[in-house]
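Student: Listed here are the chains, written in short residue letters.
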Amino acid sequence: MEIKKRLAELGFELPPLPQPRGAYVPGIQVGEFIWTSGQLPFVAGELRYRGKLGVNLSVAEGYEAAKLCVLNCLSVVEHIAGTLDAVEQIVRLVGFVASGEGFTEQAQVLNGASELLFALFGEKGRHARCAVGVQELPLGAPVEIELLVRVRCYNNLGSEEHFHT
Amino acid sequence: MEIKKRLAELGFELPPLPQPRGAYVPGIQVGEFIWTSGQLPFVAGELRYRGKLGVNLSVAEGYEAAKLCVLNCLSVVEHIAGTLDAVEQIVRLVGFVASGEGFTEQAQVLNGASELLFALFGEKGRHARCAVGVQELPLGAPVEIELLVRVRCYNNLGSEEHFHT
Amino acid sequence: MEIKKRLAELGFELPPLPQPRGAYVPGIQVGEFIWTSGQLPFVAGELRYRGKLGVNLSVAEGYEAAKLCVLNCLSVVEHIAGTLDAVEQIVRLVGFVASGEGFTEQAQVLNGASELLFALFGEKGRHARCAVGVQELPLGAPVEIELLVRVRCYNNLGSEEHFHT
Chain Z
43 MEIKKRLAEL GFELPPLPQP RGAYVPGIQV GEFIWTSGQL PFVAGELRYR
93 GKLGVNLSVA EGYEAAKLCV LNCLSVVEHI AGTLDAVEQI VRLVGFVASG
143 EGFTEQAQVL NGASELLFAL FGEKGRHARC AVGVQELPLG APVEIELLVR
193 VRCYNNLGSE EHFHT
Chain L
43 MEIKKRLAEL GFELPPLPQP RGAYVPGIQV GEFIWTSGQL PFVAGELRYR
93 GKLGVNLSVA EGYEAAKLCV LNCLSVVEHI AGTLDAVEQI VRLVGFVASG
143 EGFTEQAQVL NGASELLFAL FGEKGRHARC AVGVQELPLG APVEIELLVR
193 VRCYNNLGSE EHFHT
Chain F
43 MEIKKRLAEL GFELPPLPQP RGAYVPGIQV GEFIWTSGQL PFVAGELRYR
93 GKLGVNLSVA EGYEAAKLCV LNCLSVVEHI AGTLDAVEQI VRLVGFVASG
143 EGFTEQAQVL NGASELLFAL FGEKGRHARC AVGVQELPLG APVEIELLVR
193 VRCYNNLGSE EHFHT
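Chains as they are written, first to last, in this note's numbering: chain Z, 43 to 207; chain L, 43 to 207; chain F, 43 to 207.
Here chain Z stands alone, though its shape is the one from the complex (with noise of 0.2 Å):
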């Protein structure tokens, strides 16, 4: 339980796994990768920011959201992982930045989430990332976040399997 006594010591703990908004699973693992659904800055099954970026939230609380849907990401993880220490790399993530017009600082919102990474994974957290400023997200969220992570090993349960109810 390495990373999750990291992540406490950084202040933070992981949300419940996020309940998807419709007719698709939180995540999804082939092999040593999983896909997660794009995550909504969600604590508690609430939404803790509403909006866009350069309308009416600041790039610091930009940078907060972007840590909520990571955090949620890694929830997702957790799940079909069985425990975060079975991350080998957190290869990819896409952030979705809500935008005003003319809002250009994407990068510096999805910082919260690449740095988050990093001080919980270190060397395993740095990831590539595409950044992209778009018009709407769901339930007027001010920030998406995909994560692709590679994983030690399989999981108990087996693959995919996993979200079957």
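There may be inaccurate statements among the hints.
Heads up, the list lumps identical chains together, so a pair's fine if it works in one copy or across two of them.
[Stated by the list, open to error] Only pairs whose alpha carbons sit at most 25 Å apart, straight line, appear in this in silico DMTMM-like list of lysine to aspartate or glutamate:
| hint | residue 1 | residue 2 |
| --- | --- | --- |
| 1 | K47 | E143 |
| 2 | K166 | E120 |
| 3 | K46 | E157 |
| 4 | K166 | E74 |
| 5 | K46 | E143 |
| 6 | K166 | E51 |
| 7 | K166 | E143 |
| 8 | K166 | E106 |
| 9 | K166 | E88 |
| 10 | K166 | D127 |
The set of hints was computed from the structure by calculation and includes no laboratory data.
As the structure is a prediction and not an experimental result, all values here were calculated from the model.
Chains L and F: place on chain Z using the hints.
Tutor: Relative to the frame of chain Z, chains L and F by itself:
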């Protein structure tokens, strides 16, 4: 031809292989993965819907457009894999929804695609998903959908060599 | 150095390895796959184009910007794989085009990247593609391109260990 039969029972048929609108191919297979290009709501070579959600299109129309996009994705998968029965898992769906200011029901729109996948493939149809509201899509389409699919085995023609002309 | 030679014959040269604008790396290799980060139209460390298609930039300018983005992607691939001759397949290209209201020629813009890939790599350069028109991109760039590439083998330095500093 189990999936094709279920598709017909649900009242759908696959559109012809979508023609690329540029210097790319409809999809690529590498090993057990097929990535489709982003697909638009084409029917018989014509874009069935144009415009934006929250401007000139209702959620119900967007839902239908999302179905058409994913049918075009499945046409690509069938063309590459030989049969939709080779699908082992719909892994990831990314849906871009052309959205007017303040439209935040991207999830409801994309359920048109996700629910069809689940109806067709059952548990194998459950997928990770990103829903994003964007400014404009090619040709004025209201929805664009990209699929990542895991298939059972290599096609007869050999991985990504498929679209060579 | 076959690809580098063809690049020179076509009148291009690779830009220096693009510097990340945040807490991420230019690209990640896992096994035979390399994911690049989203790349902007940088030349010698300067953004060559700024603005939006359909506002202050023409399709021809966007086409040139897309070429520059993909050259930056290829600089990342070369840095990770050691040589562009290791490229087995350009698998997937995602192109985000900063688009003014009503601009729907994202495909024509991204052909700047796709046609260059095909000229350079031939059949190996054919790829799946998503074209999306977005509100804003980092630093005011008009185009951002992400590549997924399959390479022949592991690099000498060992998969994603490459960008450690």
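Student: What hint numbers does the structure not satisfy?
Tutor: 1, 5, 7 and 9
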